[in-house]
Amino acid sequence: MITELGHFALILALAACIIQSTVPFVGARRRDTSMMAVGPVAAVTSFVLVLISFFALVHAYVVSDFSVINVVENSHSLKPLIYKISGVWGNHEGSMLLWITILVLFSALVATFGGNLPESLKANVLSVQAWVTTAFLLFVLLTSNPFLRASPAPLEGNDLNPVLQDIGLAIHPPLLYLGYVGFSISFSFAIAALIEGRIDAAWARWVRPWTLAAWSFLTAGIAMGSYWAYYELGWGGWWFWDPVENASFMPWLAGTALLHSALVMEKREALKIWTVLLAILTFSFSLLGTFLVRSGVLTSVHAFATDPARGVFILGILILFIGGALALFGFRAAALKSGGMFAPVSREGALVLNNLFLTTAAATVLVGTLYPLLLEATTGTKISVGAPFFNLTFGPLMVPLLIAAPFGPLLAWKRADLAGVAQRLYLAVGAALLVGLAVLYMHTGAPVLAALGIALGVFVIGGALTDLGGRIGIGRVSAAIAWSRFKGLPRAAFGTALAHAGLGITVIGVVAASVFSTELVTAMKPGDTAEAGGYAVRFEGMRDVNGPNYTSQAGEFSIRRGGVEVARLSSAKRFYPARRMPTTEAGIVTFGLSQLYISLGDPESNGGLVVRIWWKSWITCIWYGAILMMLGGVLSLSDRRLRVGAPNRARTPRRASTVEAGA
Amino acid sequence: MTRKQKRLSIIAAGAVFIVAAVALVTSALREQIVFFNSPTDVLAQTVTPGARVRLGGLVEEGSVIRGQDTTVTFKVTDTTNAVHVSYKGILPDLFREGQGVVTEGVFDQTTGEFIADSVLAKHDENYMPKEVADALKAQGVWKEGDATPGVTPQGSN
Numbered sequence: 001m002i003t004e005l006g007h008f009a010l011i012l013a014l015a016a017c018i019i020q021s022t023v024p025f026v027g028a029r030r031r032d033t034s035m036m037a038v039g040p041v042a043a044v045t046s047f048v049l050v051l052i053s054f055f056a057l058v059h060a061y062v063v064s065d066f067s068v069i070n071v072v073e074n075s076h077s078l079k080p081l082i083y084k085i086s087g088v089w090g091n092h093e094g095s096m097l098l099w100i101t102i103l104v105l106f107s108a109l110v111a112t113f114g115g116n117l118p119e120s121l122k123a124n125v126l127s128v129q130a131w132v133t134t135a136f137l138l139f140v141l142l143t144s145n146p147f148l149r150a151s152p153a154p155l156e157g158n159d160l161n162p163v164l165q166d167i168g169l170a171i172h173p174p175l176l177y178l179g180y181v182g183f184s185i186s187f188s189f190a191i192a193a194l195i196e197g198r199i200d201a202a203w204a205r206w207v208r209p210w211t212l213a214a215w216s217f218l219t220a221g222i223a224m225g226s227y228w229a230y231y232e233l234g235w236g237g238w239w240f241w242d243p244v245e246n247a248s249f250m251p252w253l254a255g256t257a258l259l260h261s262a263l264v265m266e267k268r269e270a271l272k273i274w275t276v277l278l279a280i281l282t283f284s285f286s287l288l289g290t291f292l293v294r295s296g297v298l299t300s301v302h303a304f305a306t307d308p309a310r311g312v313f314i315l316g317i318l319i320l321f322i323g324g325a326l327a328l329f330g331f332r333a334a335a336l337k338s339g340g341m342f343a344p345v346s347r348e349g350a351l352v353l354n355n356l357f358l359t360t361a362a363a364t365v366l367v368g369t370l371y372p373l374l375l376e377a378t379t380g381t382k383i384s385v386g387a388p389f390f391n392l393t394f395g396p397l398m399v400p401l402l403i404a405a406p407f408g409p410l411l412a413w414k415r416a417d418l419a420g421v422a423q424r425l426y427l428a429v430g431a432a433l434l435v436g437l438a439v440l441y442m443h444t445g446a447p448v449l450a451a452l453g454i455a456l457g458v459f460v461i462g463g464a465l466t467d468l469g470g471r472i473g474i475g476r477v478s479a480a481i482a483w484s485r486f487k488g489l490p491r492a493a494f495g496t497a498l499a500h501a502g503l504g505i506t507v508i509g510v511v512a513a514s515v516f517s518t519e520l521v522t523a524m525k526p527g528d529t530a531e532a533g534g535y536a537v538r539f540e541g542m543r544d545v546n547g548p549n550y551t552s553q554a555g556e557f558s559i560r561r562g563g564v565e566v567a568r569l570s571s572a573k574r575f576y577p578a579r580r581m582p583t584t585e586a587g588i589v590t591f592g593l594s595q596l597y598i599s600l601g602d603p604e605s606n607g608g609l610v611v612r613i614w615w616k617s618w619i620t621c622i623w624y625g626a627i628l629m630m631l632g633g634v635l636s637l638s639d640r641r642l643r644v645g646a647p648n649r650a651r652t653p654r655r656a657s658t659v660e661a662g663a
Numbered sequence: 001m002t003r004k005q006k007r008l009s010i011i012a013a014g015a016v017f018i019v020a021a022v023a024l025v026t027s028a029l030r031e032q033i034v035f036f037n038s039p040t041d042v043l044a045q046t047v048t049p050g051a052r053v054r055l056g057g058l059v060e061e062g063s064v065i066r067g068q069d070t071t072v073t074f075k076v077t078d079t080t081n082a083v084h085v086s087y088k089g090i091l092p093d094l095f096r097e098g099q100g101v102v103t104e105g106v107f108d109q110t111t112g113e114f115i116a117d118s119v120l121a122k123h124d125e126n127y128m129p130k131e132v133a134d135a136l137k138a139q140g141v142w143k144e145g146d147a148t149p150g151v152t153p154q155g156s157n
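Residue numbers (the UniProt record's numbering), protein chains in the order written: chain A, 1 to 663; chain B, 1 to 157.
Everything labelled a hint here was simulated from the structure, so no lab data went into it. Fair warning: there could be bad hints in the mix.
[Said to hold, decoys possible] Quick list of in silico lysine to aspartate or glutamate cross-link-like pairs, DMTMM-like style, CA-CA up to 25 Å:
(1) B:K88 to B:E60
(2) A:K573 to B:E61
(3) A:K267 to A:E119
(4) B:K88 to A:E540
(5) B:K88 to A:E119
(6) A:K337 to B:E104
(7) B:K4 to A:E266
(8) A:K525 to B:E31
(9) A:K573 to B:E31
(10) B:K88 to B:E61
(11) B:K88 to A:D242
Make the full structure from the sequences, and use the hints.
Shown next as structure tokens:
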């Protein structure tokens with residue numbers, strides 16, 4: 001009954017979305033206030049309806065209702081409750097429903113907190129958002145309905161893929177979706193602006209908080225996914241340049257660029273056309289990612305060709321929205337007059353550079369992701385594009401970006417003094433050189449590139465500190481004044497510094513983990529000792545541990561340093577009978593910033609056990625840095641200037657570049 | 001500089017930048033991609049010496065030998081031809097005789113043995129790496145709907 005209610009609510013939501021797509025849109029063109037007022041009501045209604053539908057599915061999972069096909073295929077009555085719930089989005093149909101839930105959540109947020117938006121802009125934004133929602137609701141209802149019943153109902157379900165039964169994967173998809181579905185708002189704003197033919201600094205001020213929020217979630221989601229892959233797959237890798245990962249990374253790169261260009265637009269009314277284009281591109285990458293992951297094209301080009309309903313549907317949505325948006329952009333962009341002039345050496349110039357590198361980086365990731373698919377579809381030749389390709393293309397693009405990052409916030413708007421800024425960065429440069437030399441000295445024979453990479457990370461962190469120090473006048477004013485200035489700094493300033501420092505920390509982690517980590521594959525018998533990262537790893541023996549829906553064999557290890565036991569670690573192989581599937585549960589202990597990582601292999605004929613022991617130098621920096629970036633985003637978001645719904649301070653009216661809306 | 005000159009110089013700089021990026025990508029694509037081969041492909045065409053390739057097929061029944069010092073040797077077969085593979089390290093959870101596998105590595109010039117440095121057998125027991133499934137289909141060994149090497153596309157996950 002509840003399942004049918006959920007299904008019905010989803011159909012009603014479609015009706016509400018169709019109203020939201022049309023009535024406010026027509027209202028905005030006719031300047032009919034009452035028609036425009038339908039937008040927020042419809043948005044909140046469809047949000048409530050989709051939410052009912054979503055919770056109906058959650059309910060079916062929680063009570064293990066095996067008369068619902070989707071539950072049968074992805075759940076099991078013995079599964080712990082948390083994984084019953086996360087199983088809702090651990091499969092195609094459910095995750096599309098989550099996608100839509102987040103889409104309508106953002107509509108409802110705009111409807112509720114968009115009080116200070118001009119009426120027609122708000123109406124158009126809500127309509128555009130509803131166009132996207134309508135398309136995806138149709139997709140779910142027509143091709144991926146999670147509410148279909150099974151008859152006769154089986155007694156037990158097939159269980160969720162065991163590698164997905166993990167707390168990391170319970171949280172990862174919602175965070176990721178909050179991120180890349182969140183960019184739909186920037187997209188809707190961009191389309192609405194193009195429709196109205198009117199865009200100004202105020203537009204950027206409205207768009208930026210939404211972009212920041214989505215970006216922060218996406219950052220957290222990607223970091224979480226990377227950490228999940230690291231500990232759950234048991235391969236010790238934290239990023240595989242897998243198409244599924246790239247699918248979320250491309251919107252992140254474009255979204256980062258958007259964040260920065262919207263800044264220029266807000267402050268200087270420059271880069272308008274570019275910002276609108278970026279907003280379109282960012283969400284296009286999100287749609288492309290959805291297509292790649294959800295159509296089955298990655299699993300097999302062949303499977304895609306034989307069962308094309310879903311793939312072709314999403315491809316249709318993709319072409320409609322990306323093509324439509326770009327066509328609209330082509331027609332209307334020329335009408336958007338650009339504002340402020342700036343010299344190449346200026347904060348604007350630095351941000352343009354940032355955008356150039358980030359979008360090119362996104363493009364290289366795009367090529368590396370799509371090229372194998374296109375090649376196979378057209379010629380049948382199968383190739384794999386892996387880490388070496390991305391290291392060679394993405395890597396070099398990041399270097400100039402990292403060098404430029406500390407300069408950006410120190411440069412003045414309009415026209416800046418590069419030499420002066422370089423002078424202010426002497427401490428950061430000094431620290432970077434010192435650390436680089438220290439790395440070379442301590443790890444004799446360390447690759448020079450690694451020392452440079454770490455120095456670059458330190459330089460970025462140093463740049464962030466220099467920016468903060470300069471703003472509060474450290475060394476120029478008394479400590480008390482500096483402190484009061486520190487307290488008075490806008491939160492956005494801290495946000496920028498924190499996010500840039502986080503980037504530096506991530507870079508250091510990436511370089512250190514890939515260069516200084518050690519790996520040892522060896523056969524061990526109980527009592528044997530191996531050496532990793534200065535610690536002695538002693539294999540104590542095997543132990544059977546059984547969970548609710550799996551059996552497991554765990555290897556127990558004691559970690560000693562200088563003869564003293566400092567930690568114990570257990571690394572296991574699990575077997576899930578429902579899917580007859582084994583998984584590796586790597587054992588990880590953290591020492592400072594580094595980690596000791598052990599995964600088990602197969603028993604050898606002579607009674608030993610193959611064990612893989614990694615020492616992962618400074619690897620946690622990768623995720624700590626990402627967390628700092630996310631916090632930087634959240635901190636900027638809490639800045640009063642950006643707070644959604646905060647009343648605008650009185651401003652001298654600015655000449656907005658306007659073209660006739662009725663064109 | 002006038003506004004127009006400034007804009008032109010920015011466009012020129014951007015164009016130079018994009019050309020450089022395109023050059024980077026095309027050269028990387030030429031050198032860093034890895035082609036997929038079935039054992040029959042390997043025998044039919046001479047693989048460029050020293051080139052990295054992906055070799056995929058089924059792990060031949062009874063061919064897995066766990067030797068000294070964590071080295072494992074096995075044969076990868078497409079049921080017509082088979083290639084000797086040696087790998088040092090931990091095999092994936094789902095590595096089993098008779099199951100699909102994709103290995104990546106280099107052919108030893110002297111022995112003709114394939115020295116793999118990575119072995120992939122992903123996802124679940126029904127899943128067949130897509131290259132392997134397609135190659136086996138091309139050999140006519142496996143038809144759609146077969147029970148054992150059935151492709152249950154993980155497309156949903």
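For each hint, the structure was consulted:
As the CA atoms of K88 (chain B) and E60 (chain B) are separated by approximately 18 Å, the hinted pair is consistent with the 25 Å bound. Proposed proximity of K573 (chain A) and E61 (chain B) is supported: the alpha carbons are some 24 Å apart, at most 25 Å. Between K267 (chain A) and E119 (chain A) the alpha-carbon distance is near 23 Å, which keeps this suggested pair within the 25 Å criterion. This hinted pair checks out: K88 (chain B) and E540 (chain A) have alpha carbons roughly 24 Å apart, not beyond 25 Å.
For the suggested pair K88 (chain B) and E119 (chain A), the alpha carbons sit about 66 Å apart, so the restraint of at most 25 Å is broken. Proximity of K337 (chain A) to E104 (chain B) is assessed by CA-CA distance (about 54 Å); at most 25 Å being required, the pair is judged violated. For a cut-off of 25 Å, the pair hint linking K4 (chain B) to E266 (chain A) stands: about 23 Å separates their Cα positions. The hinted pair formed by K525 (chain A) and E31 (chain B) fails the criterion: a straight-line CA distance of about 43 Å is larger than 25 Å.
Using a Cα cut-off of 25 Å, the hinted pair K573 (chain A) and E31 (chain B) is violated, with the two alpha carbons roughly 38 Å apart. As the CA atoms of K88 (chain B) and E61 (chain B) are separated by approximately 20 Å, the hinted pair is consistent with the 25 Å bound. For the hint pairing K88 (chain B) with D242 (chain A), the CA-to-CA distance comes to about 23 Å; that is within 25 Å, so the pair holds.
The structure fails to meet hints 5, 6, 8 and 9 from the earlier list, while all remaining hints are met.
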